[in-house]
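Take the given structure of chain A and dock chains B, C and D to it, following the hints.
Chains as they are written, first to last, in this note's numbering: chain A, 114 to 412; chain B, 26 to 196; chain C, 148 to 248; chain D, 49 to 229.
Keep in mind that the hints were calculated from the coordinates and are not lab data. Ideal Cβ positions, reconstructed from N, Cα and C, are used throughout, including at glycine. Treat the hints loosely; a few may be bogus.
Stated by the list, open to error - Below, computed lysine to any residue pairings styled on SDA-like, alpha-carbon distance capped at 25 Å:
1. K389/A / A186/B
2. K96/D / K389/A
3. K205/A / V151/C
Said to hold, decoys possible - According to the in silico footprint, chain B covers these stretches of chain C (three or more CB under 8 Å from chain B):
4. 187–198
5. 211–223
Claimed, not checked - To give an idea of the chain C side of the interface with chain B (calculated C-beta under 8 Å), a few residues:
6. A166
7. L181
8. P239
9. F242
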Amino acid sequence: MRTGGWHGWSQTLADAIKLLTKEDILPSGADPVLFRLAPALVMGSALAMFAVLPFAPGIQFADLDLGIYFLLAIASLTTIGVIMAGWGSNNKWSLYGAMRGAAQAASYEIPLALSLIPPILHFGTFSLLNATEQQSGWGGMGWYVFSDAFWVAIPSFFLFLTASLAENRRAPFDLPESESELVAGFHTEYSGLRFAFFFLEEYAAMFATSAVATAYWLGGWNFPGMTLLAEGSAWLPWLGALAFLLKAMFLVCVMIWVRWTLPRLRIDQVMTLGWKYLTPLALGLMVAAAGWEAWRAMP
Amino acid sequence: MTGEVLAFSLFSAMAVGGAGLALFHRSAIHSAFALLASFLGVAGLYLNLGADFLAVTQVLLYAGGILVLYLFGLMLVPPEGEAPRPGRRALALVLAAAPVAIFLIAFLARSSWGDPSRLPEPEGTVRGIGLALLTPDGWLVPFEYASILLLAALVGAVHLARRSAPKDDSP
Amino acid sequence: MSLVAYLVVAALLMVAGLAMVASRRSLIHVLIGLELVLNASALNFVAFDRYSGGGQEGQLAALFVIVVAAAEAALGLAIVLHAYSSKGSIRPDDFRSLGDS
Amino acid sequence: MGSMEGDALTPARPPKPSSFRRWWVNLYEGVVSTAQGMSITLRTFFKKPVTVQYPEQELELDGRYRGIHFLEQDLCIYCDVCAKACPVDCIEMDATRHGKELEWHVFTLDYNRCMLCELCVYPCPKDCIHQGEEYALVTENREDMVLDLLTWKGLTDEQKQKIAETEAAKAARDAEKEKGE
Chain A
114 MRTGGWHGWS QTLADAIKLL TKEDILPSGA DPVLFRLAPA LVMGSALAMF
164 AVLPFAPGIQ FADLDLGIYF LLAIASLTTI GVIMAGWGSN NKWSLYGAMR
214 GAAQAASYEI PLALSLIPPI LHFGTFSLLN ATEQQSGWGG MGWYVFSDAF
264 WVAIPSFFLF LTASLAENRR APFDLPESES ELVAGFHTEY SGLRFAFFFL
314 EEYAAMFATS AVATAYWLGG WNFPGMTLLA EGSAWLPWLG ALAFLLKAMF
364 LVCVMIWVRW TLPRLRIDQV MTLGWKYLTP LALGLMVAAA GWEAWRAMP
Chain B
26 MTGEVLAFSL FSAMAVGGAG LALFHRSAIH SAFALLASFL GVAGLYLNLG
76 ADFLAVTQVL LYAGGILVLY LFGLMLVPPE GEAPRPGRRA LALVLAAAPV
126 AIFLIAFLAR SSWGDPSRLP EPEGTVRGIG LALLTPDGWL VPFEYASILL
176 LAALVGAVHL ARRSAPKDDS P
Chain C
148 MSLVAYLVVA ALLMVAGLAM VASRRSLIHV LIGLELVLNA SALNFVAFDR
198 YSGGGQEGQL AALFVIVVAA AEAALGLAIV LHAYSSKGSI RPDDFRSLGD
248 S
Chain D
49 MGSMEGDALT PARPPKPSSF RRWWVNLYEG VVSTAQGMSI TLRTFFKKPV
99 TVQYPEQELE LDGRYRGIHF LEQDLCIYCD VCAKACPVDC IEMDATRHGK
149 ELEWHVFTLD YNRCMLCELC VYPCPKDCIH QGEEYALVTE NREDMVLDLL
199 TWKGLTDEQK QKIAETEAAK AARDAEKEKG E
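For reference, chain A alone in the conformation it holds in the complex (with noise of 0.2 Å):
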């Protein structure tokens, strides 16, 4: 298995099952309860955000009003997790980098959000699902990004991309774990399968974050051609299901691309860009979205 089969497909399972039966190892100055308690918080909390991912027409865990508030809060435990497991390893480099994590999510949850509120004023809704269901027009292309607010609908996408990747820690943004000036930063402590739990969270934070860009930037599931099925098709789901996934897994696919790019910003950088550029465009996209949407509502 050494080059993973066919373009590599076995490699990830090859992983999966090295991580599984990797030492489990506690380190003897740790805190045993702390550096337990982590990776459950963290992978936890990764998972309970797929809750209310619509992915297709009937196939969603929970359709809550709150959907993209409860997200956004339980993406927050988050921190808390990778704060946990810094100081629980009872090492500098851990701290260091919890102590990045813990700035930078702080810094980037506020752009992330501001961002969101451009199609949450458009669709007039938390939900997910109804967000999704808004965007069926044109025969499947009535999406956010489509639509008459196109101009705030497009800065604001990006700006929910780039802040996601700075939330989800990774690269250029991967300061948290910046392997070259602190080892692995929170997860240096860390093996086996506890390692595996943070690796996870990571990509299921990104399919999680572009999924919901997804859902309100790129029309969740819908997709042109869609109309050409009957009303209440057994293959809509199907079909649906696969729009999404593909739409959402091209985003993953960009958030690695930016990490083949873009080489790992300085801390100053980060917040200065956080602070100085992120937030000042997501509020005046914020104000210009709010404007539109009072323009195109007057009577």
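Then chains B, C and D, alone, in the frame of chain A:
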């Protein structure tokens, strides 16, 4: 035992247990993390009371915001110094907390607040809260006051933090 | 569940917060104790709101309590950090004078 | 994302614009440079990969690769020049001279120390030590890193024959000398 009672017991145990752990644990960081359980328990109680928006706000602001802020603060300052003496804590409990607790619980036990025979069905509260906060005959003015309060707090916090960084003798 | 059950939980939270304010030896824990007290009061608001039937005034009040708590946290922590940088200590006992010294 | 305020890497532009204009310029440059970078990665993404699956495939080396040494022992004259030239002193050699023939005992190269600098190759008067294209030096302990460059040790039959011949010739010469006296 209905689901509601079960949920109530679980969440109130989380809330009170977390608070107790935060009170008695010797390590500063541990008591801050115990507070997470307490906050989540209170969020669960809000859910139980049909206040879903409030529950999520509780998680978002307390667990994701305020607690992170406190943890950050705890990492920036040294630990409490010498371990707190158990006697001192017991004394504080007896002098400050116990009378309040006894008074409150006795008061509640003697209270005549009856429960309504039928509670209104819990429903989504986002719409109602949004309308109440943003209509002039609702809570618009307090809402704007709250934003001014937050702005003032933010400016004050930035000012304090900025002044502490360089040792600056100018008045 | 009855109203009093929620009120008892809130009372216990409040007592825990008060005891924390009185007994912990760091200003940050005093602030954390205050958060518990605020939480207890918000819980009371919501419980009364639910059991008085109809309306969301209690929830709105609780929302404002959370806002106040956020402001308190930001400002309180800034004060604590400032106090630490000027006195080198965050023990409440070390802050006895109001003067410049 | 590209150039940010206070970035040490970007040279300061001579006419310093107002901070509000700089904000927009920074924003524009950040977006544009990110887009440029992304387009470069995208183009590279669709190119054939340049990676080589090493144990199965190997790279073609050009002729000047400095790999593990090899010695043309029959040319070597035991002059010790290579060992003297070595900056890390990793060559060790020992041989006994029998007239012109050499009885080799040791010629080792310690790859724990060797940095493959090729300084031993240049001074060789007989051009008999070379660096080859072999580079995989993987062992489980340090002793195995000390490689023996000799192809044979002691004396070969050929050498013995030559020594015998020279000794016989010498003996014959001596005998003639004795006769002459």
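Do the hints match the structure? See the list:
1. A hinted pair counts as satisfied when its Cα atoms are at most 25 Å apart, and K389/A with A186/B qualifies at roughly 18 Å.
2. Of the pairs offered as hints, the one joining K96/D and K389/A is violated, with about 40 Å between alpha carbons and a cut-off of 25 Å exceeded.
3. With a C-alpha separation of about 47 Å, the suggested pairing of K205/A with V151/C is violated against the 25 Å cut-off.
4. Note: the stretch 187–198 of chain C has 7 residues with beta-carbon separation from chain B under 8 Å; the three-residue rule is met and the coverage holds.
5. Under a criterion of three residues with beta carbons nearer than 8 Å to beta carbons of chain B, the stated coverage of the stretch 211–223 of chain C is upheld, 11 such residues being counted.
6. Residue-level restraint check for A166/C holds (minimum Cβ-Cβ distance to chain B is 4 Å; threshold 8 Å).
7. With its C-beta approaching chain B no nearer than about 11 Å, L181/C sits outside the 8 Å limit, and its interface hint is violated.
8. Of the supplied interface hints, the one on P239/C is violated, with its beta-carbon coming no nearer than about 11 Å to a beta-carbon of chain B, more than 8 Å.
9. The interface hint given for F242/C is violated, since its Cβ lies 14 Å from the closest Cβ of chain B, which is over the 8 Å cut-off.
Taken one by one, the earlier hints fail for this structure at numbers 2, 3, 7, 8 and 9, listed in ascending order.
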